[in-house]
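Assemble the complex: chain Y is given as a structure, and chain E must be docked to it using the hints.
Number of protein chains: 2
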Amino acid sequence: MSKEYTNDLLLDFGPDGNTLIPVVTQDANTKEVLILAFANREAFEETRKSGYATYWSRSRQELWKKGMTSGDMLEINEIRINCEQNSLVYLVTPKGKGACHAKMEDGNPYRTCYYRKIKDDGTLEVII
Amino acid sequence: MSKEYTNDLLLDFGPDGNTLIPVVTQDANTKEVLILAFANREAFEETRKSGYATYWSRSRQELWKKGMTSGDMLEINEIRINCEQNSLVYLVTPKGKGACHAKMEDGNPYRTCYYRKIKDDGTLEVII
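Note that the protein sequences, when read in sequence, are chains Y and E.
For the first sequence, our numbering assigns the number 278 to the initial residue and increments by one for each residue that follows.
For the second sequence, our numbering assigns the number 278 to the initial residue and increments by one for each residue that follows.
Isolated chain Y (complex conformation) (with noise of 0.2 Å):
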């Protein structure tokens, strides 16, 4: 049966376990998409073991508990997975103050990462 239609989780994270899935984070209550990411075998194990979104960090090189160090975790209540099997939705609820690095002029982070729109003339603004 094809990975469209079988009950059966196939994701592949390759041979080594390290083939990147991108992962989209939605908030479970606003639906507004928080955070585009990636995981390897690790990390959505530990996702799912644990509870909370985590990822594995590409600049860095190593897993990432979304909110270890600022307590901006993101508590699971589902995932979901596309047709291909090849990528995800984290849906989540928000534990802390924001879901982005970037701080708003208040000091607090944004919510979401996509808190800017691009424009018709091609330039950015915030709209949250």
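Worth flagging that the hints you see were computed from the coordinates, not collected in a lab.
None of the values given here were measured: they were computed from a predicted structure.
Among the hints, a few may not be true.
If chains are identical, the list can't say which one is meant, so a pair holds when it fits in one copy or spans any two.
To be verified - EDC-like mimics (lysine to aspartate or glutamate), calculated; alpha carbons at most 20 Å apart, straight line: (1) K308 to E355; (2) K372 to D293; (3) K394 to D304; (4) K394 to E352; (5) K380 to E319; (6) K374 to D285; (7) K342 to D285; (8) K342 to E361.
Okay, now just chain E, sitting in the frame of chain Y:
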């Protein structure tokens, strides 16, 4: 000024324009995540010019105007960009029956590619 705080669009498609940027496509009305795909410079520019979600198909290695053959096009309401300017969110109005190429039992496409959740026992369950 860093990419997080400038109003300048600094999306980096690489010297040849073919560095792929992940794009989360979200229903502007329901906020449901519909599909995750990728854009190169050409796909991004075509999206902005045409007003319809356009990606770069990694499997077919060609520009992919979503729904061009099926009619399931995704009209752009707004494009958002993340803090680091390395991913996008397309907020869209679906013009067809569904955004996914996988079909439901009635022959219509699923409205989103994320029609299954991962259950605690590690199997998948169709939820829409």
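### Task
Could you work out which earlier hints the structure fails to respect and list their numbers in ascending sequence?
2, 5, 6, 7
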